[in-house]
Amino acid sequence: MPVQPYLFAASPPLPLSIEEEEEEEKCTGVPKMDKVYGRGLMRQDHKWGGEGERNLSTQLSQRHSCRTEKETSVIEVMALSVVLLIGVTINAVHAGELVNYTPHLTSEKMGGKITASTFVLEQPRCVFNKSVDPTDGIWLVVALSKAVDSFMNPKAPADLPYQAFEKNSYYMTLNTVISNYPCPKESKNIAVLRVGSETGCVLDRSRPDCNGPLPGPGPYRVKFLVMNSTDFIKESKWSDPITLIQGRNPNSIVVEPRRRRIGTIAIATILSILSAIVLAAFIAILIYKYSNVCETANIARGHDPTIVRYTTHQICDQSSYKS
Numbered sequence: 003m004p005v006q007p008y009l010f011a012a013s014p015p016l017p018l019s020i021e022e023e024e025e026e027e028k029c030t031g032v033p034k035m036d037k038v039y040g041r042g043l044m045r046q047d048h049k050w051g052g053e054g055e056r057n058l059s060t061q062l063s064q065r066h067s068c069r070t071e072k073e074t075s076v077i078e079v080m081a082l083s084v085v086l087l088i089g090v091t092i093n094a095v096h097a098g099e100l101v102n103y104t105p106h107l108t109s110e111k112m113g114g115k116i117t118a119s120t121f122v123l124e125q126p127r128c129v130f131n132k133s134v135d136p137t138d139g140i141w142l143v144v145a146l147s148k149a150v151d152s153f154m155n156p157k158a159p160a161d162l163p164y165q166a167f168e169k170n171s172y173y174m175t176l177n178t179v180i181s182n183y184p185c186p187k188e189s190k191n192i193a194v195l196r197v198g199s200e201t202g203c204v205l206d207r208s209r210p211d212c213n214g215p216l217p218g219p220g221p222y223r224v225k226f227l228v229m230n231s232t233d234f235i236k237e238s239k240w241s242d243p244i245t246l247i248q249g250r251n252p253n254s255i256v257v258e259p260r261r262r263r264i265g266t267i268a269i270a271t272i273l274s275i276l277s278a279i280v281l282a283a284f285i286a287i288l289i290y291k292y293s294n295v296c297e298t299a300n301i302a303r304g305h306d307p308t309i310v311r312y313t314t315h316q317i318c319d320q321s322s323y324k325s
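Residue 305 in the working numbering sits at position 303 of the sequence shown, and the numbers go up by one each step.
Hint data in this document are derived by calculation from the structure and do not stem from the laboratory.
Don't take each hint at face value.
Claimed, not checked - Using 27 Å as the maximum straight-line C-alpha spacing, the simulated DSSO-like pairs for lysine-lysine come out as follows: (1) Lys239 <-> Lys291; (2) Lys190 <-> Lys115; (3) Lys115 <-> Lys157; (4) Lys236 <-> Lys187.
Stated by the list, open to error - Pairwise CB distance ranges, derived in the manner of DEER restraints: (5) Tyr292 <-> Arg250: 51 to 59 Å; (6) Thr271 <-> Pro217: 18 to 26 Å; (7) Pro217 <-> Lys111: 26 to 34 Å; (8) Arg250 <-> Glu99: 40 to 48 Å.
All C-beta atoms, glycine included, are put in the ideal place defined by N, C-alpha and C.
Take the sequences, apply the hints, and build the full model.
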């Protein structure tokens, strides 16, 4: 007994718009449905039963699959929106009140403001003094410039240790209290913060707040966070990008002596010869002078003593004289 066509049209679907029909045609690869349900499907083989019935069932399954994929896509988009909304909400909960202050390099005239692994910031004097408690902690967040947009305030500073900086792209350090940033600033003191000055705690995981040296040229950006016993309550703006001094590539350093010009070599040779001649002449003059003195010098002699001769007087014998 042949299958009656009305069995397949007992539950006609809801009418589709032109755009929906075109999308279904692209998805299933079959012509659009005619206004009379089933006509477009049966027109391919002109049969109401057998193969035509199977084609109808297959095409209905394809349409159902297309609609299921669309519904799944809509659900995924909605789920992603919910996740983003939750993330924004959590970030808003943990975000502190924004303070109109931008960290910057020190304006003091000093050497080493920026090195290959450190840089020097101005202390945030008179920034948080009127809005925080004496026990609130003031932290400095150091981040790679490219990671600033994805930064979210952590639940605790220990969640962003220095030792995981290469993985997280940011860390927290230089924890202190407001009493160390007195206001007003004393004119005689240099109030600065050197970021990256500690070397003894680089691998010490018991010191997550280590102020260790920065591993590369950056650029880096920083901001201050104020935290009470439970959450972050204040935060500054992000600084401008700070790029460290970059050392030269060892492979680019030429260790061979530089090539000198021929003229320079000739001049140096002539000067060397002239210097040797002048020195030899000076030595010859000295030798001639002192050797001539030695040959002509007379030895002074003392005068011979004068021999005084005395004429001896003969003494006559007085006795013979008397006689």
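Quick rundown of the hints versus the structure:
{"no.": "1", "hint": "Lys239 <-> Lys291", "result": "violated (85 Å)"}
{"no.": "2", "hint": "Lys190 <-> Lys115", "result": "holds (19 Å)"}
{"no.": "3", "hint": "Lys115 <-> Lys157", "result": "violated (32 Å)"}
{"no.": "4", "hint": "Lys236 <-> Lys187", "result": "holds (21 Å)"}
{"no.": "5", "hint": "Tyr292 <-> Arg250: 51 to 59 Å", "result": "holds (58 Å)"}
{"no.": "6", "hint": "Thr271 <-> Pro217: 18 to 26 Å", "result": "violated (50 Å)"}
{"no.": "7", "hint": "Pro217 <-> Lys111: 26 to 34 Å", "result": "holds (28 Å)"}
{"no.": "8", "hint": "Arg250 <-> Glu99: 40 to 48 Å", "result": "holds (45 Å)"}
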